[in-house]
Amino acid sequence: MSRDPSRDVAIVAFAQSDSLRRTDDLSEVEMLMPVLHDVLRQTGLKTSDIGFTCSGSSDYLAGRAFSFTMALDGVGAWPPISESHVEMDGAWALYEAWVKILTGETDTALVYSYGKSSPGSVRDVLTRQLDPYYLAPLWPDSVALAALQAQALIDAGETDEPALAGIAARSRDAAVGNPHAQLRGARPQGDHVVAPLRQGDCPPIGDGAAAVILAAGDRARELCERPAWIRGMDHRIEAHSLGVRDLTDSPSTRLAARRAGAFDGAPFDTAELHAPFTSQEVVLRKALKLDETVRVNPSGGALAANPVMAAGLIRLGEAAAGIHRGESDRALAHATSGPCLQQNLVAVLEGEPHVR
Amino acid sequence: MTATPATLRAPLVVEFPFTRSLGPVQAAFLTGLRERTVLGVRTEGGQVLVPPVEYDPETAAELRELVEVDATGTVTTWAWNPDPRPGQPLDTPFAWVLVRLDGADTALLHALDAPGPEHVRTGMRVRVRWAAERTGAITDIACFEPYDSERDAAPARPHDGLFDEPVTGIVAAARLDYTYSPGRAQTDYLHALAEHKTVGERCPSCSKVYVPPRGACPTCGVATTEPVEVGPRGTVTTFCIVNIKAKNLDIEVPYVYAHIALDGAGLALHGRIGGIPYDQVRMGLRVEPVWSEDGRYPDHYRPTGEPDADYDTYKELL
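Chains as they are written, first to last, in UniProt numbering: chain A, 1 to 356; chain B, 1 to 318.
Derived from the structure by calculation, the hints contain no laboratory data.
Be aware that one or more of the hints could be misleading.
Chain A is nowhere near these chain B residues, computed Cβ spacing over 10 angstroms in every case [stated by the list, open to error]:
#1 70
#2 165
#3 168
#4 221
#5 228
#6 229
#7 286
#8 310
Across the chosen pairs, the derived CB separations fall in these ranges [claimed, not checked]:
#9 237/A to 83/B: 24 to 34 angstroms
#10 157/A to 46/B: 40 to 50 angstroms
#11 36/B to 237/A: 46 to 56 angstroms
#12 206/B to 217/A: 47 to 57 angstroms
#13 128/A to 169/B: 36 to 46 angstroms
#14 87/A to 263/B: 36 to 46 angstroms
#15 105/A to 311/B: 57 to 67 angstroms
#16 244/B to 87/A: 53 to 63 angstroms
#17 15/B to 266/A: 27 to 37 angstroms
These figures come from a predicted structure and were not determined experimentally.
Note that the Cβ used here is the ideal one computed from N, Cα and C, for glycine as well.
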């Protein structure tokens with residue numbers, strides 16, 4: 001399923017909100033709707049033209065059960081539509097929509113995701129995704145777990161604090177060109193939040209939303225001048241317990257990349273990596289065998305804007321948008337979920353040669 | 001023009017004491033901690049996993065062979081936490097550590113009590129500090145503490161996993177604090193309601209008036225922005241008779257709970273019907289809201305005395 005798919009499917013449009021520290025005056029659907037309208041406007045499609053809709057979000061961020069049902073108002077869910085939801089980053093919703101199109105049941109799909117971290121304390125909220133027997137009762141927050149991984153990398157001689165600071169600086173410099181980013185340009189690394197990770201090694205906490213439209217074959221060509229064809233996509237998960245994993249490596253990313261075809265064919269010009277912490281970029285570069293010739297996170301990545309549940313979908317969207325604009329011909333997009341890169345999704349996106 | 005009132009905000013606390021049952025391996029491990037005994041499980045490949053799991057993370061084979069390991073071990077990685085957060089094992093600065101206990105092949109996550117980061121390093125020796133009161137939970141290990149001794153190479157010993165009064169479940173208590181904000185549309189609705197007015201919003205595309213408004217038309221998928229005052233009178237479109245008294249609810253049963261289409265609204269709200277015997281409530285009954293002193297929403301709806309509405313006037317709103 002993951003390689004040589006039976007149908008050509010492409011990302012034909014991408015839209016995202018600004019990532020903001022707080023959006024108190026907007027409900028989730030109010031935050032989401034401009035993004036949905038934007039992505040539909042780009043293709044000229046109406047919601048009634050869309051064959052399948054899939055979304056990603058988390059009740060734990062909202063603090064309310066079934067919170068995604070309210071957001072459905074934004075896509076016009078009456079009369080009833082073909083719709084699904086993943087309690088994960090929208091990158092996994094995109095995967096589900098891609099599979100749906102591959103089955104031949106539909107030619108178009110709308111994928112969106114959103115997250116508001118501002119109502120709660122996202123570091124604490126994310127502890128509730130941990131093993132409830134051995135981990136969750138200790139409340140190890142997301143920065144603490146990433147810091148354990150960072151120290152393991154430093155002990156292994158694979159990075160050090162100055163190198164991590166360099167990743168932070170490069171990401172936020174790149175974000176100067178991204179009007180949706182939350183942190184743009186130079187800023188101090190700051191104090192240790194949980195050592196060895198400093199403030200600058202951690203992502204901003206923010207609210208945001210993103211949406212893409214997928215289409216198959218000729219439909220994609222009608223909707224987009226230069227579709228970003230999904231040549232392969234796969235996602236893999238590692239053991240839940242951190243203590244059985246080698247935190248300096250990401251076998252799941254490597255396996256997903258292999259099955260997505262990332263190690264075959266022409267080299268990548270661009271990679272959008274979902275690495276909320278600087279140290280995770282070190283792990284991902286190694287697993288994906290990315291060298292210095294690849295532009296990594298020209299958008300600024302999750303270190304510049306990390307709306308939880310949307311940041312992974314934004315990586316796929318940014319990689320596709322680079323192809324739409326003709327700035328990229330072959331891009332790798334990666335999304336992660338869970339502590340210390342527990343789950344990883346890799347997609348290979350390509351644009352056809354320009355025809356004039 | 002009056003200034004737009006500030007978006008409402010209110011504390012929202014989510015608390016859940018999930019009661020979870022334990023399988024044979026986790027039950028033995030957590031009961032063991034209560035008895036100051038650390039158990040692991042041996043895989044088919046001979047690895048000893050601590051903390052133990054019931055299925056091999058590599059092969060998915062069922063694991064049942066329990067072994068005992070030492071309460072001393074070696075730090076495999078660590079992170080200094082200068083600012084402990086609520087619920088974490090220590091309330092003074094500490095190190096998060098992954099510890100490979102002597103006899104184990106995998107590492108356990110916990111806290112290390114150390115005076116400062118300069119006292120912590122990968123490879124340092126540590127031992128369990130047991131909690132004074134132990135109940136059969138991971139928190140029976142209060143934390144780790146530095147332990148100045150070489151590793152004794154004692155391998156894991158077989159253990160039958162049997163204890164008196166085994167722990168069979170845990171209560172995973174959790175509390176998360178949020179500040180809830182309902183957004184612009186619902187803020188406007190709640191502000192109007194405080195003035196005893198019910199204000200919906202009209203969809204610019206299909207003209208339906210949503211009440212309470214949520215900022216979007218679920219049919220058209222567009223923002224609703226035009227405020228429209230509806231009611232105060234309305235029509236009962238459908239109803240049910242409640243016969244069981246809810247806890248902490250000071251309403252005598254039986255009573256009627258109804259869908260009420262306020263005049264001018266495109267869909268029905270729900271509310272309690274009072275001021276009429278429960279068995280005389282009917283579809284089409286005309287009602288109006290009754291506000292209690294300083295109430296922020298109608299306490300209930302009562303009959304207006306008007307003739308009943310024609311079915312045709314509300315059949316689309318059922």
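Verification of the supplied hints:
1. 70: holds (16 angstroms)
2. 165: holds (19 angstroms)
3. 168: holds (13 angstroms)
4. 221: Incorrect as stated: the minimum Cβ-Cβ distance to chain A is 3 angstroms, not above 10 angstroms.
5. 228: holds (18 angstroms)
6. 229: The claim holds: residue 229/B sits with its nearest Cβ about 21 angstroms from chain A, beyond 10 angstroms.
7. 286: holds (28 angstroms)
8. 310: Label holds. Min Cβ-Cβ 26 angstroms, cutoff 10 angstroms.
9. 237/A to 83/B: 24 to 34 angstroms: holds (31 angstroms)
10. 157/A to 46/B: 40 to 50 angstroms: The hinted range 40 to 50 angstroms is violated for residue 157/A and residue 46/B, with Cβ atoms some 30 angstroms apart.
11. 36/B to 237/A: 46 to 56 angstroms: violated (34 angstroms)
12. 206/B to 217/A: 47 to 57 angstroms: violated (34 angstroms)
13. 128/A to 169/B: 36 to 46 angstroms: Violated - the Cβ-Cβ distance for residue 128/A and residue 169/B, about 19 angstroms, lies outside 36 to 46 angstroms.
14. 87/A to 263/B: 36 to 46 angstroms: holds (40 angstroms)
15. 105/A to 311/B: 57 to 67 angstroms: violated (41 angstroms)
16. 244/B to 87/A: 53 to 63 angstroms: For residue 244/B and residue 87/A the Cβ distance comes to about 33 angstroms; the hint is violated.
17. 15/B to 266/A: 27 to 37 angstroms: Roughly 54 angstroms apart at Cβ, these two residues miss the hinted range, so it is violated.
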